[in-house]
Amino acid sequence: MKVFRRLLAFLAPYRGGVIVSFVLAALAMVTGVLIPFLIGRAIDAVRVADATGLWPFALAIVAAGVLRLGFSAARRLVAGRVSLGVEYDLRNMMYRHLQSLELAYFDSQQTGQLMSRATVDLQAVRFFLGYGLIFIAQALIAIAVSAAVMLAVNPGLAAVALAPMPFVLWAAARYGRLNRPASQEVQQRIAELTADAEENVSGVRVVKAFAQEARQLTRFTATVQRVFVQSMVSTRLRAYYNPLIGFLPNLSLGLILLVGGRQAVAGTITIGQFVAFYGYVLMLTAPIRTLGIALGMAQRAVASGTRVFEVLDREPRLSSRAGAPPLPAGEGRVELKRVTFAYESAEPVLRDVDLDVAAGSTIALVGGTGSGKTTLVTLLARLYDPTAGRVLIDGSDVRDVALDSLRGEIAFVSDDSFLFSATVRENIAYARPEATLDEVERAAGRAGIHDFFSGLSDGYDTLVGERGLTLSGGQRQRIAIARAILKQPRILILDDATSSVDASTEAEIKRALGEVMRGRTTFVIAHRLSTISLADEIVVLEAGRIAAQGSHDQLLERSELYREIAEKGLPDQVFLTRKELEAEAAGL
Amino acid sequence: MSAQDSNGRAPGRLRSLWRIVRGEDRRARKLRGLFELLGPYRGRVILMFVTLLVAVAASLAPPYLAGRAVDDGIRAGNPDALTVIVVVFVAAAILNWGASYAQTYLVNWVGQRALQDLRLRIFRHLQRLSIGFYSRNRAGVLISRMTNDVQALDQLVTDGVATLFASTLTLIGTAAILLFMDVELALITFLVFPLLAVGSVAFRIASAGAYRATREKIALVTAYLQETLAGVRVVRAFAQEPRHERRFAELNDEHRAVNMRTVHLNAAYFPAVELLSAVATAAILIYGGRQVLAGDGVTLGVLVAFVFYLQSFFDPIQQLSQLYTTYQAGMAALDKVFDLLDEEPDVVERPGARELPPVRGELRFEDVWFSYAGEPEPAGANGAGPDDETGWALRDIDLVVPPGQTVALVGSTGAGKSTLVKLVARFYDPTRGRMLVDGHDLREVTERSLRSQLGVVPQEGFLFSGTIGENIAFGRAGATPEDVEAAARAVGADEFILRLPEGYDSAVGERGGHLSAGQRQLVAFARAAIADPRVLILDEATSNVDVHTESRIEHGLRRLLAGRTAIVIAHRLSTIRGAGRIVVLDHGAIVEQGTHEELLDAGAAYAALYRDWADQAAA
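One line per chain: the protein sequences are C and P, in this order.
Counted the way my numbering counts, the first sequence spans residues 401 to 988.
Counted the way my numbering counts, the second sequence spans residues 17 to 635.
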């Protein structure tokens, strides 16, 4: 109920529209109820052989029809505007909220889960608020108005005619309640089917290579059969309840024929009244049916609303204080003081890390998977807050300054840089959308990728990302470098995690990196000697602690781990591939 | 100017009309294909139509019976006749209920069954298609053929067919009853038809456009949301939230604006239909009323029945017009599904292909040329000869791998390494030349018998959802748990598996999500080991693993390769050094082969590659 009230609160900005649409719905219903009444009067005029009396009623029917047209059209326009407005608000609110949440939240959530809340659940909520609520109101008004008219004309017959109606409502609500879990299960099994299909398509090479087609087909057949069985559960419910819901109003009509007919034979009511009653019941059937459906929508909306609120109620845990000052100017000195960090409630990834990096120097972070290299650099941009200890940039605790000013001074360059489905220009100018094309081109030039893009037919307007041109790792990395060059950050963070570029690209990237590193504090998460060689100082991390620190030669002497990494771990990762052009030049 | 315009347009319209007609023709074939799916369930389909007929007939009875109640019961002052009519009335209602139940059940049963068959048919067809097809088509598209598109057909087959027949029969039935009761009144009622039909069609066409636009906009909104969720790290790192919020709000607003058009259309159409019904009722009352009074054979009961029929006369027309949308969506899906089913596999098993007997594992490439596009254009077409060096992924490969030898393939991206191994697995056939195993041309043997003697370790260790044990057992049908453990031990994967809380029963998430890249590799090794193949194809992973896992992988790999013929796309120097022979590929041709030492001494391509690496490492 609490969820329900909170859902209704979304309508608050549209109070006026909601009221107007309710009033219009009521007016449309009243004019609608007039029509069976007028039909009854017309029939009576025929019965008493009053040919001239027929015309006024017929014209009144047309007039009532015209009025109803006006009211319902206006109602649909007003209600539609409200419903689309609510939808717009809900979606924007959800999006803004997601944007306000810290990165740690997204680590703990599957993207698919969030997507389904932001689409499927949001849809259930907006259907109910946008349409369901108006359906309910409309149906209630229709039932109230026609019941009132019937009771006023002939209470006894009205009672008989209305008797089966509560059962319609009951059946519709019961159907909704039973069918929802059944159809959710169908959806679940279709999701399994999709997963199964996905796996077989993605893993087709393995299936074929091991000649396991028959086994996979058996598995898929079972999955398909499960969908069928559950669909039939849902179908049986539908096959039973839908005609039942249609049957009950027919029962009402039968009762009118029986009781009303006898009254008409006895002369207590006129044939016209009898016909009008029949018409009222016909009019009632549709609203009652929609009432049942709308009640089902309400149930679904509450369930979905609960899930939507789970997201909306999650307070952002990482934000700068209101009115926090921007990061003061500085040269880029970075200090970590006794920093410990753990994701959620897991084991700490960093323990008691103390590090002081002089402005303008380059630090290489080296260590095995899970040693805490990546975590360390994400703390600088305050993508996460340390569990204990402090991170200082030019003497200011990162928690005390405005987030956007902090992040505005730090740039990440990674070789699997995420590209948005936008133009090359927009991707390069991501941090500074107002940058001119000239600036973008110059940044790309310094990153060594201008020639490639200017050679494309659409140049910098070429679409990249998921729906655009596919770029290689090296190209994506250079876009990230251009992004960083354009941003002019105080601190640069470089990750060459999964790189597998060929030698000449490697050289170009190194040159480009040299450009952007000049005069900036730089952190390099290094996986190969060539990048380690860029650094002034090397920090070896092991299980979240700084195991050793110093220059390459010092570490070779002092750190066994570093020796192992330097001698064995890294060189074998270098791939024996070369850019074809260069191979040709070499006479291959 | 305008005359020219209309002159120019008329033949264009004719042509497009002709195209539509021809398009419909192709469609007809596909529709036939769809309805052929119902073939096995013919009995149930017929029963479904019978129940549908009964249900429609029963649903048409009430207004007629109400009219009879007025005439035979009330006007005649005969309560007994009234009781009989009510009994028939209720009986008709019950019949409608029962028949509707049977009809709904049957239509869904048959529809779901047929679509299940279709899904399996698509699945089997996909299994038959060659690897080349999979590299040309995106996985997401193929998956949606089996899921979304079949779902859209479900709408067409179950709802669509039922609505089409039920509404048409209701319309015809009502018209027949009206004509039977009174021809003149019936004809007057039918006057509104053209108006309604034209209005409905116009509305449907307009709203189909509006709905499509709405769907397109919402797809943009969803895609944008998806993208910023996927790229959330970048968004946060660059503090660009406000910009994304603005852009999202813009898209959201565009969607709202487009959607408003559907609201306008609905607001115009549905109330107008209601008005039409009121006008028709008034007309019938006036005209029919006069006839009743004139004693022209129209009774009061007939008039009443007419008025009641009019209340629901328009429903079937509305439903039929709604069908247009279902039809369009269904047909689009039908096109896609049947286009897929029409795809022919590139590699087909020759009729009468022989079983490949157990092999020793000698691989022989005889003068092999390969092009993904098939045989290039012959000479003369553009002046290029058949031996023109463009377009070939492999050129003139002559290579013999004796049983038990490990060959490491080395070369830059696009040199033809993966293409070469794909020919061994017969994912493709050579365009020219022959590929032989123990002297058997691969084209002469059955795919099954070839692949059962072949092991493949794909680059990133693709695993299926299920347990680790199941994934290892995948390599050989009927493998026992003991076999699985033995295989894992053989490649040294048992160490990490046994440390997992559930050991071999540990679930592997989506694409092996819970395992590290190195662990996935080890499981893939075990899977290949259990198959105990004579010939092994291995695409070495390029992802980074830590030092310890690295040495375990090296070790596992050595155990796996021992005693088998193996072709390895090598990325690790340790693998290359350990290989019996190194083959250097460039531009699809073998430029050099030999052992590591031999090739270094030769001082050519391999030596250059090696120096390059050394420079890189020392830089």
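Keep in mind the hints are simulated off the structure, nothing from the lab.
There could be a bad hint or two in this list.
Unchecked claim - Dumping the calculated SDA-like pairs for lysine to any residue here, alpha-carbon to alpha-carbon at most 25 Å:
#	chain 1	residue 1	chain 2	residue 2
1	P	Lys46	P	Arg262
2	P	Lys233	C	Leu617
3	P	Lys352	C	Asp489
4	P	Lys233	C	Asp489
5	C	Lys402	C	Gln513
6	C	Lys402	C	Ser516
7	P	Lys233	C	Leu863
8	P	Lys46	P	Leu339
9	P	Lys233	C	Leu484
10	P	Lys352	C	Arg589
11	P	Lys233	C	Arg496
12	P	Lys46	P	Met197
13	P	Lys352	C	Gln513
14	P	Lys233	C	Leu411
15	C	Lys910	P	Tyr626
16	P	Lys233	C	Lys402
17	P	Lys352	P	Leu180
18	C	Lys402	C	Leu617
19	P	Lys46	P	Lys233
20	C	Lys910	P	Arg627
21	P	Lys352	C	Arg605
22	C	Lys402	C	Asp713
23	P	Lys233	C	Ser516
24	C	Lys910	P	Ala624
25	C	Lys402	C	Ala537
26	P	Lys233	P	Leu187
- Message: Run the distance test for C/Lys402 versus C/Asp713: straight-line Cα separation, threshold 25 Å.
- Response: Since the Cα atoms of C/Lys402 and C/Asp713 sit roughly 14 Å apart, the hinted pair holds (cutoff 25 Å).
- Message: So if I understand the rule, the pair passes when the alpha-carbon distance is 25 Å or less; does C/Lys910 with P/Ala624 pass?
- Response: 21 Å, holds
- For the pair supplied as a hint, P/Lys233 and P/Leu187, is the alpha-carbon distance within the 25 Å limit? 37 Å, violated
- Message: Please verify whether C/Lys402 and C/Gln513 have alpha carbons no more than 25 Å apart.
- Response: 24 Å, holds
- Item | Satisfaction of hint between C/Leu484 and P/Lys233, Cα-Cα up to 25 Å | 14 Å, holds
- Message: Check the hint pairing P/Lys233 with C/Leu617 against an upper bound of 25 Å on the C-alpha distance.
- Response: 38 Å, violated
- Given the hint that P/Lys233 pairs with C/Leu863, does the C-alpha gap stay at or below 25 Å? 19 Å, holds
- Task: Starting from P/Lys352, check that the Cα of C/Arg589 is at most 25 Å away, please.
- Result: 23 Å, holds
- Item | Pair hint outcome, P/Lys46 versus P/Leu339 [Cα-Cα no greater than 25 Å] | Measuring from Cα to Cα gives roughly 19 Å; hence the hint holds.
- Message: For P/Lys233 and C/Ser516, compute the direct alpha-carbon distance and say whether it is at most 25 Å.
- Response: Given that 25 Å is the threshold and the Cα spacing comes to 18 Å, the pair holds.
- Query: Given the hint that P/Lys233 pairs with C/Leu411, does the C-alpha gap stay at or below 25 Å?
  - Reply: Roughly 24 Å separates the two Cα atoms, so the pair holds.
- Query: Taking 25 Å as the top limit, are the C-alpha atoms of P/Lys46 and P/Lys233 close enough?
  - Reply: With a Cα-Cα distance of about 30 Å, the restraint between P/Lys46 and P/Lys233 is violated, given a limit of 25 Å.
The structure fails hints 1, 2, 3, 12, 13, 16, 18, 19 and 26 (numbered hints given earlier, in ascending order).
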